[in-house]
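Peer 1: Chain by chain, the residues run as shown.
There are 2 protein chains.
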Amino acid sequence: MKKFSIKIYPENVELQAEENATLKDVFIENGIKFDFPCGGVGKCKKCKVKILKNNGLEEEVLACQTKVESDLVINLQQREQKHHILNEGVNRQIELKPLVRKIYVELPKPTLEDNRPDWTRLKETLGRADLKTKVNLLQELPEKLRESDFKATIVLTEDEVLAVEPGDTTDRLLGMAFDIGTTTVVGYLLDLNTGKELAHVSALNPQTKYGADVISRITFASQEKDGLEKLHQEIINEINNLVAKATEQAGHTPQDIYAITIAGNTTMHHLFLKIPPENLAKAPYVPVVKEPIRADAGELKININPAGKVFVLSNIAGFVGADTVAAALVAEMDQKEKLTLLIDIGTNGEMVLGTGEKLFACSAAAGPAFEGAQIACGMRGAEGAIDHLTIGEELFYSVIGEVEPLGICGSGLLDIVAELLNIGIIDENGRLLPPEKISDPIGQRYRERIIEINGIRAFVVANGPRGEKIYITQKDIRELQLAKGAIAAGIEILLKEYGADVKDIEEVQLAGAFGNYLKPRSACRTGLIPRELEAKIKGIGNAAGAGAKLALLSEKEFQRAVSLGQKIKYIELSARSDFTAIFAHRLRF
Amino acid sequence: MKKFSIKIYPENVELQAEENATLKDVFIENGIKFDFPCGGVGKCKKCKVKILKNNGLEEEVLACQTKVESDLVINLQQREQKHHILNEGVNRQIELKPLVRKIYVELPKPTLEDNRPDWTRLKETLGRADLKTKVNLLQELPEKLRESDFKATIVLTEDEVLAVEPGDTTDRLLGMAFDIGTTTVVGYLLDLNTGKELAHVSALNPQTKYGADVISRITFASQEKDGLEKLHQEIINEINNLVAKATEQAGHTPQDIYAITIAGNTTMHHLFLKIPPENLAKAPYVPVVKEPIRADAGELKININPAGKVFVLSNIAGFVGADTVAAALVAEMDQKEKLTLLIDIGTNGEMVLGTGEKLFACSAAAGPAFEGAQIACGMRGAEGAIDHLTIGEELFYSVIGEVEPLGICGSGLLDIVAELLNIGIIDENGRLLPPEKISDPIGQRYRERIIEINGIRAFVVANGPRGEKIYITQKDIRELQLAKGAIAAGIEILLKEYGADVKDIEEVQLAGAFGNYLKPRSACRTGLIPRELEAKIKGIGNAAGAGAKLALLSEKEFQRAVSLGQKIKYIELSARSDFTAIFAHRLRF
Numbered sequence: 001m002k003k004f005s006i007k008i009y010p011e012n013v014e015l016q017a018e019e020n021a022t023l024k025d026v027f028i029e030n031g032i033k034f035d036f037p038c039g040g041v042g043k044c045k046k047c048k049v050k051i052l053k054n055n056g057l058e059e060e061v062l063a064c065q066t067k068v069e070s071d072l073v074i075n076l077q078q079r080e081q082k083h084h085i086l087n088e089g090v091n092r093q094i095e096l097k098p099l100v101r102k103i104y105v106e107l108p109k110p111t112l113e114d115n116r117p118d119w120t121r122l123k124e125t126l127g128r129a130d131l132k133t134k135v136n137l138l139q140e141l142p143e144k145l146r147e148s149d150f151k152a153t154i155v156l157t158e159d160e161v162l163a164v165e166p167g168d169t170t171d172r173l174l175g176m177a178f179d180i181g182t183t184t185v186v187g188y189l190l191d192l193n194t195g196k197e198l199a200h201v202s203a204l205n206p207q208t209k210y211g212a213d214v215i216s217r218i219t220f221a222s223q224e225k226d227g228l229e230k231l232h233q234e235i236i237n238e239i240n241n242l243v244a245k246a247t248e249q250a251g252h253t254p255q256d257i258y259a260i261t262i263a264g265n266t267t268m269h270h271l272f273l274k275i276p277p278e279n280l281a282k283a284p285y286v287p288v289v290k291e292p293i294r295a296d297a298g299e300l301k302i303n304i305n306p307a308g309k310v311f312v313l314s315n316i317a318g319f320v321g322a323d324t325v326a327a328a329l330v331a332e333m334d335q336k337e338k339l340t341l342l343i344d345i346g347t348n349g350e351m352v353l354g355t356g357e358k359l360f361a362c363s364a365a366a367g368p369a370f371e372g373a374q375i376a377c378g379m380r381g382a383e384g385a386i387d388h389l390t391i392g393e394e395l396f397y398s399v400i401g402e403v404e405p406l407g408i409c410g411s412g413l414l415d416i417v418a419e420l421l422n423i424g425i426i427d428e429n430g431r432l433l434p435p436e437k438i439s440d441p442i443g444q445r446y447r448e449r450i451i452e453i454n455g456i457r458a459f460v461v462a463n464g465p466r467g468e469k470i471y472i473t474q475k476d477i478r479e480l481q482l483a484k485g486a487i488a489a490g491i492e493i494l495l496k497e498y499g500a501d502v503k504d505i506e507e508v509q510l511a512g513a514f515g516n517y518l519k520p521r522s523a524c525r526t527g528l529i530p531r532e533l534e535a536k537i538k539g540i541g542n543a544a545g546a547g548a549k550l551a552l553l554s555e556k557e558f559q560r561a562v563s564l565g566q567k568i569k570y571i572e573l574s575a576r577s578d579f580t581a582i583f584a585h586r587l588r589f
Numbered sequence: 001m002k003k004f005s006i007k008i009y010p011e012n013v014e015l016q017a018e019e020n021a022t023l024k025d026v027f028i029e030n031g032i033k034f035d036f037p038c039g040g041v042g043k044c045k046k047c048k049v050k051i052l053k054n055n056g057l058e059e060e061v062l063a064c065q066t067k068v069e070s071d072l073v074i075n076l077q078q079r080e081q082k083h084h085i086l087n088e089g090v091n092r093q094i095e096l097k098p099l100v101r102k103i104y105v106e107l108p109k110p111t112l113e114d115n116r117p118d119w120t121r122l123k124e125t126l127g128r129a130d131l132k133t134k135v136n137l138l139q140e141l142p143e144k145l146r147e148s149d150f151k152a153t154i155v156l157t158e159d160e161v162l163a164v165e166p167g168d169t170t171d172r173l174l175g176m177a178f179d180i181g182t183t184t185v186v187g188y189l190l191d192l193n194t195g196k197e198l199a200h201v202s203a204l205n206p207q208t209k210y211g212a213d214v215i216s217r218i219t220f221a222s223q224e225k226d227g228l229e230k231l232h233q234e235i236i237n238e239i240n241n242l243v244a245k246a247t248e249q250a251g252h253t254p255q256d257i258y259a260i261t262i263a264g265n266t267t268m269h270h271l272f273l274k275i276p277p278e279n280l281a282k283a284p285y286v287p288v289v290k291e292p293i294r295a296d297a298g299e300l301k302i303n304i305n306p307a308g309k310v311f312v313l314s315n316i317a318g319f320v321g322a323d324t325v326a327a328a329l330v331a332e333m334d335q336k337e338k339l340t341l342l343i344d345i346g347t348n349g350e351m352v353l354g355t356g357e358k359l360f361a362c363s364a365a366a367g368p369a370f371e372g373a374q375i376a377c378g379m380r381g382a383e384g385a386i387d388h389l390t391i392g393e394e395l396f397y398s399v400i401g402e403v404e405p406l407g408i409c410g411s412g413l414l415d416i417v418a419e420l421l422n423i424g425i426i427d428e429n430g431r432l433l434p435p436e437k438i439s440d441p442i443g444q445r446y447r448e449r450i451i452e453i454n455g456i457r458a459f460v461v462a463n464g465p466r467g468e469k470i471y472i473t474q475k476d477i478r479e480l481q482l483a484k485g486a487i488a489a490g491i492e493i494l495l496k497e498y499g500a501d502v503k504d505i506e507e508v509q510l511a512g513a514f515g516n517y518l519k520p521r522s523a524c525r526t527g528l529i530p531r532e533l534e535a536k537i538k539g540i541g542n543a544a545g546a547g548a549k550l551a552l553l554s555e556k557e558f559q560r561a562v563s564l565g566q567k568i569k570y571i572e573l574s575a576r577s578d579f580t581a582i583f584a585h586r587l588r589f
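Chains as they are written, first to last, in full-length UniProt numbering: chain A, 1 to 589; chain B, 1 to 589.
Among the clues, some could well be false.
The list treats identical chains as one, so a pair stands whether inside a single copy or across any two.
What the hints assert, rightly or not - Result set (DSS-like, lysine-lysine): computed pairs, CA atoms no more than 30 Å apart in a straight line:
1) LYS50 with LYS7
2) LYS496 with LYS301
3) LYS97 with LYS3
4) LYS301 with LYS144
5) LYS134 with LYS225
6) LYS475 with LYS569
7) LYS48 with LYS358
8) LYS134 with LYS123
9) LYS358 with LYS24
Calculated from the structure, these hints are not laboratory results.
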């Protein structure tokens with residue numbers, strides 16, 4: 001038999017093909033993954049490829065219908081279906097190839113001459129000998145195939161057939177991406193055919209009633225009877241509520257959801273999977289698992305389609321979780337040529353520093369100051385919080401929701417301290433000066449705002465709706481110093497590990513609510529972020545949620561997240577002998 | 001850094017290794033699968049390899065303790081651990097590497113400098129980054145590891161960790177192999193550390209109460225309410241009974257069993273997995289699945305260790321099942337250089353013909369004659385059955401159990417017809433001659449045994465305990481003709497397909513009870529098997545059970561079974577236009 005050479009781009013492989021074989025045959029024989037949605041009967045027109053002609057032009061043909069009659073150069077155009085994704089702060093072209101896909105096929109009907117088993121027939125029509133499935137599906141397969149006369153929609157992941165639906169149901173395929181925060185759970189309902197966001201829902205993490213922060217949750221899970229089971233059940237129930245809410249909002253049913261992705265810190269990750277978090281809270285802070293988890297929705301009692309899948313993004317370490325991996329994905333830390341610093345500040349500040357070549361991460365215990373906790377008039381970044389402030393000839397502040405101020409949130413606290421440093425009311429050691437010690441002419445204007453409350457010096461920022469004073473205390477300033485000192489020390493140690501100087505950093509990406517609301521100038525004035533970097537700071541929004549969405553919409557992005565989880569080298573700050581000295585040095589303003 | 005070359009046999013690969021790397025590091029880095037049971041601390045002495053010295057001698061060293069200081073030639077001796085397996089009729093050297101294995105490891109304990117997650121620590125200590133596991137295991141992992149101070153026994157299959165047991169439990173590891181026959185279920189309890197058979201149990205297939213043969217079972221499953229569920233539940237319960245019985249006999253518990261293998265015909269296979277068998281019974285006889293199934297014991301409610309696995313051997317077609325694949329494995333059909341014919345005769349005669357290069361199979365509907373059903377005085381091959389007979393000057397017969405005869409089983413029927421042909425009482429057309437037509441001088445001696453019963457001519461073979469006559473009728477002879485005609489036609493069509501002549505067959509392997517009890521001379525005299533092959537016939541015992549055992553004890557044998565399932569090309573006799581003519585021709589004696 002005559003043979004021809006087939007060159008395939010972008011793979012850049014060269015194959016031998018027999019004369020008159022179809023391109024479909026050639027692809028299947030050589031293990032080239034390519035979808036033939038209609039089974040290769042020339043109906044769906046989805047298997048288009050481009051053949052490069054001798055005249056340099058490209059001709060579009062169907063791979064299932066085109067026979068090899070000469071040497072060919074082929075461009076596998078099908079794979080280049082790009083999709084434009086817009087998220088808060090992220091604007092990225094991705095290949096829309098979600099973690100779960102649907103393919104409509106028309107199988108050749110069985111005859112005595114072709115009595116292949118149902119499952120073999122299905123795999124061979126798809127040209128995918130590698131596909132696996134569960135016994136459950138095999139139990140239903142003969143009926144599902146015959147219900148619509150061997151026309152069916154196959155629901156599949158990379159390597160597993162999840163379900164077979166009679167007829168053509170390819171127009172209905174949903175997924176949800178979740179960011180499970182310690183405080184808030186956010187869910188995004190996405191149409192996996194278009195990448196479009198259909199609903200956006202959120203709720204308080206119901207575990208909050210057992211403890212506000214990860215440490216108290218870990219304690220509850222480890223020490224209370226059925227503690228782990230309770231916390232696990234709470235988050236599963238809330239996820240199910242959000243699934244129901246989002247699908248209702250969008251006019252769909254949870255049955256249409258075949259995939260969800262989950263990003264969250266390591267403690268949220270463990271509790272979601274009912275994995276004991278006990279060892280996360282004590283040295284040496286060992287997680288149970290960091291690899292990505294692919295679980296069955298049924299196994300975790302998640303009320304989406306019973307054949308659906310749950311994809312949990314990978315962690316890096318006990319205090320650097322899947323939320324950071326998701327943020328690193330959004331920030332594309334794996335492709336940076338220039339030295340980039342990614343920071344997500346919450347109770348812990350998680351930092352990733354590096355380039356596509358090498359990446360380091362650490363977690364610094366910032367304490368709850370930036371979340372408004374343990375601050376005299378602190379509050380979360382909610383309605384009534386002073387979130388920004390400037391002090392010059394006059395003192396201006398803004399309040400979330402434009403209502404009367406009720407307290408101060410993290411970004412407000414940072415601004416206040418930065419401004420008070422600027423006008424000499426706080427000195428470089430963090431001391432809130434007594435009125436008589438203030439020498440700055442502008443600072444002097446605000447002397448009467450310096451008062452004593454329960455024997456602690458304080459600066460009054462504003463008056464609340466009932467005339468109550470809203471202020472920061474000397475102790476608040478110390479809390480902020482501890483917080484920013486820890487983060488600044490973390491940055492310094494990452495730089496040492498990487499072998500670079502702060503001036504080598506070309507970009508600082510801030511993830512999370514606090515990171516997006518803070519004023520870069522204040523972050524740099526207080527020394528939270530090195531001064532040299534002020535112009536390089538950029539907010540990237542709720543990167544954990546955005547990363548979970550990217551991973552859901554694109555297998556390739558999910559794989560990038562997996563690789564990031566493996567690639568980022570974790571630095572345990574508490575194991576560093578140089579940490580204490582650097583931290584102490586960084587306490588100063 | 002200095003690099004050396006490492007040549008590895010029997011793989012015949014050459015690697016580059018850095019000076020002072022251990023061989024363990026080299027294997028892990030290059031993805032060479034090799035077990036380090038104690039985690040590479042030099043304790044278990046299981047990682048021995050042979051280094052070929054310049055003087056031509058081999059030196060045995062521990063791969064975990066040996067550093068690369070020069071170019072090396074290494075023989076991976078660990079893999080050659082062979083085991084001698086003896087089964088009825090089969091005597092084979094196999095590599096004892098069961099489908100499920102245990103490895104004892106001592107993990108390095110976590111420190112601040114090494115706070116890898118538990119699961120990562122486990123995989124890396126085993127040198128197996130490719131291992132997967134279930135969320136269930138992760139949920140228990142931290143406790144299991146810490147219970148015995150990070151000394152634990154890992155239970156794993158080729159690519160999945162099934163369980164972690166605290167401490168060293170490597171001495172307890174059992175498996176069971178099952179042959180699920182339409183009539184009888186046989187189970188073998190094996191010690192997977194030694195390959196030794198610890199117990200052998202069997203029971204009537206409890207589905208028998210819903211129908212004696214596969215067709216009636218399929219009808220029941222398809223047409224009765226909850227029919228499939230009932231048949232499925234019956235066989236699962238019986239498997240569980242046999243598990244309990246076998247482990248009790250051997251002084252073990254079902255918890256120690258981590259793997260079972262299942263061989264059975266395609267209908268038994270489907271019912272075991274609760275897969276609808278409906279389409280097996282009607283043209284074009286389509287199974288749902290032929291690929292091997294790896295299921296969780298829990299999923300199928302099999303009461304072995306809850307983390308255990310069930311491996312169901314692959315089928316070939318609707319009437320050529322996993323039992324035939326298992327028999328083909330025992331017969332080593334994949335390695336034959338000489339043309340070999342494998343036959344397993346029951347209600348259907350399943351046949352495989354070929355060499356390692358190409359293999360064909362078919363199934364011929366023999367009907368129940370050889371199982372003693374629909375024969376006037378027929379019975380199963382049980383106590384009281386006439387199983388062999390010779391007629392010369394005198395008539396001799398043997399009875400199973402050496403009791404008074406109660407009836408005739410398949411091998412007895414075959415002998416009777418063969419002998420009556422020899423002495424001219426039956427003619428070449430299968431006619432039982434009236435006494436006056438018998439011309440053979442020996443035949444004439446038995447004239448008075450030819451009688452009429454209900455108007456049908458019969459030959460009296462013996463008298464039963466209460467003086468009742470035991471005989472064969474003209475109708476019985478016709479049944480036998482249909483049965484042997486179908487099988488002989490199947491053999492002829494396989495030969496046509498292969499492109500060979502009957503004289504090219506160099507070996508005939510007979511599997512199953514009937515195959516082992518029949519007298520080759522009678523099989524050939526009646527034309528069940530072509531006359532030319534008489535001297536080449538060999539019984540191979542309960543090959544389905546033996547194959548299930550081989551697959552359980554050796555991953556490689558399981559893989560051979562998988563390959564056989566793919567390689568054997570199925571010929572659908574009912575789709576052959578030449579079948580009827582060949583069958584008609586083969587009815588004659």
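Peer 1: A separate judgement is required for each hint: does it hold in the structure or not?
Peer 2: Evaluated hints:
1. With identical chains, the CA atoms of LYS50 and LYS7 are at most 30 Å apart within one copy only, with a shortest distance of 12 Å there and 44 Å across copies.
2. Neither within a single protomer nor between protomers do LYS496 and LYS301 lie at most 30 Å apart by alpha-carbon distance, with minima of 45 Å and 56 Å respectively.
3. Taking the shortest Cα distances, LYS97 and LYS3 never come within 30 Å of each other, neither inside one copy (34 Å) nor across copies (43 Å).
4. Within a single copy, LYS301 and LYS144 get their C-alpha atoms as close as 24 Å, and across copies as close as 25 Å, so both meet the 30 Å cut-off.
5. In the homo-oligomer, the alpha carbons of LYS134 and LYS225 lie at most 30 Å apart only across protomers (25 Å), although the nearest pairing inside one protomer, at 35 Å, exceeds that limit.
6. Proximity of LYS475 and LYS569 under a CA criterion of 30 Å is satisfied in neither setting, with 35 Å inside one chain copy and 82 Å between copies.
7. Taking CA atoms no more than 30 Å apart as the test, LYS48 paired with LYS358 passes in neither setting, with 39 Å inside one copy and 36 Å between copies.
8. In this homomeric assembly, LYS134 and LYS123 come within 30 Å of each other (Cα to Cα) both inside a single copy, at 14 Å, and across copies, at 26 Å.
9. Taking the shortest Cα distances, LYS358 and LYS24 sit within 30 Å of each other only across copies (26 Å), while inside one copy they are farther apart (40 Å).
In summary, the structure is inconsistent with hints 2, 3, 6 and 7 from the numbered list given earlier, while agreeing with the others.
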